[in-house]
Amino acid sequence: TSYPVVLTLNHGQVNILLLAFIVLFWLFARRRQAIPAALFLALAIFLKTYPLIIIPMLVLLRRWRESVYTLAWLGLGVVISLVALPDRIWHDWIINVFPSGGYIRTPAGLSSPAAIWNQSLNGYFTRAFTQSMWSDPLVANPDLARALAYGVAALIVVATGVAVWRSSRIHSDSLDRAILVALPAMFLIVPFSWEHHIVYLLPSMLLLVNSRSSSAPLPRFTFYSLCVGSVVLLGMPNLLPFKFYGVVVLWALGILSACSEDIELPT
Numbered sequence: 030t031s032y033p034v035v036l037t038l039n040h041g042q043v044n045i046l047l048l049a050f051i052v053l054f055w056l057f058a059r060r061r062q063a064i065p066a067a068l069f070l071a072l073a074i075f076l077k078t079y080p081l082i083i084i085p086m087l088v089l090l091r092r093w094r095e096s097v098y099t100l101a102w103l104g105l106g107v108v109i110s111l112v113a114l115p116d117r118i119w120h121d122w123i124i125n126v127f128p129s130g131g132y133i134r135t136p137a138g139l140s141s142p143a144a145i146w147n148q149s150l151n152g153y154f155t156r157a158f159t160q161s162m163w164s165d166p167l168v169a170n171p172d173l174a175r176a177l178a179y180g181v182a183a184l185i186v187v188a189t190g191v192a193v194w195r196s197s198r199i200h201s202d203s204l205d206r207a208i209l210v211a212l213p214a215m216f217l218i219v220p221f222s223w224e225h226h227i228v229y230l231l232p233s234m235l236l237l238v239n240s241r242s243s244s245a246p247l248p249r250f251t252f253y254s255l256c257v258g259s260v261v262l263l264g265m266p267n268l269l270p271f272k273f274y275g276v277v278v279l280w281a282l283g284i285l286s287a288c289s290e291d292i293e294l295p296t
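Sequential numbering of the sequence shown, starting at 30, is according to this note's numbering.
Please keep in mind that the hints were generated in silico from the structure rather than gathered at the bench. Incorrect hints may have been included.
Beta-carbon label-pair distances, calculated as ranges [stated by the list, open to error]:
#1 Val181 / Asn125: 26 to 32 Å
#2 Trp93 / Leu167: 22 to 28 Å
#3 Ala137 / Asp291: 46 to 52 Å
#4 His120 / Ser243: 25 to 31 Å
#5 Gly104 / Val35: 35 to 41 Å
#6 Val88 / Ser201: 27 to 33 Å
#7 Leu268 / Leu111: 42 to 48 Å
#8 Met162 / Arg61: 46 to 52 Å
#9 Leu105 / Phe271: 24 to 30 Å
#10 His120 / Leu268: 21 to 27 Å
By construction, the Cβ of each residue, glycine as well, lies at the ideal position given by its N, Cα and C atoms.
Whenever a hint applies, use it, and build me the whole structure from the sequences.
In structure tokens, the structure reads:
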């Protein structure tokens, strides 16, 4: 019933495998089994660097063992790659891939970040303030687009970190709430979040639509309308111009759930 899952399968993408690694990390971390939890988080990061955002969240939760073990697994993997892989692979990454990263840039061999399928902040601001086949901006100003993208990304990271820190003080299930808010934050701030990457948001969607809310801090009808509306929007085919807003709503509801004592997540 989720169109991003269909896209993932049809295009042979690795999103479901990445999601499986994140969920396995999550399950082991819930049981305080730090070594296997860190292993699966490291595997997710090796597959795509996006889940790196979870490590500072663990630090804010004072989950020191998972944080340290993840860095250890990553260090071991880098050492193995230096020994086992041809030198040209790291050379190519350092010379060609890394310098072409960042916002409002088109890395070599990839589509423009303005492509309508890119639903990250980078895609949104590139379409809003640069000229392309996917946009017709009122003001074409790449420097403004870059400044806004970095500024809003910084605000999202800070707000996410504060919400996770606040959650650790008031909730016993703070790890669940950290994952809930970290996944949409990850989707928003990475340079490229294609439509099929919405698969990463499935845990956040399921947590929210199965949560229980009192009348505070939002009226119950408003809370559930936003939950269901964002889930339906993100799961449907087409409607690409609006999916970015669905992710923003999902992230905002995650922030609210992390900071509020009136929203109960499923166990």
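Do the hints match the structure? See the list:
1. Val181 / Asn125: 26 to 32 Å: holds (28 Å)
2. Trp93 / Leu167: 22 to 28 Å: Because 49 Å falls outside the window, the suggested range is violated.
3. Ala137 / Asp291: 46 to 52 Å: Taking Cβ atoms as reference, Ala137 and Asp291 lie about 49 Å apart, which means the hint holds.
4. His120 / Ser243: 25 to 31 Å: With Cβ atoms ~57 Å apart, the hint is violated.
5. Gly104 / Val35: 35 to 41 Å: holds (37 Å)
6. Val88 / Ser201: 27 to 33 Å: violated (19 Å)
7. Leu268 / Leu111: 42 to 48 Å: Taking Cβ atoms as reference, Leu268 and Leu111 lie about 45 Å apart, which means the hint holds.
8. Met162 / Arg61: 46 to 52 Å: holds (51 Å)
9. Leu105 / Phe271: 24 to 30 Å: violated (43 Å)
10. His120 / Leu268: 21 to 27 Å: Once the Cβ atoms are compared, 42 Å apart, the range 21 to 27 Å for Leu268 and His120 is violated.
Checked against the numbered hints given earlier, this structure breaks hints 2, 4, 6, 9 and 10; the rest are met.
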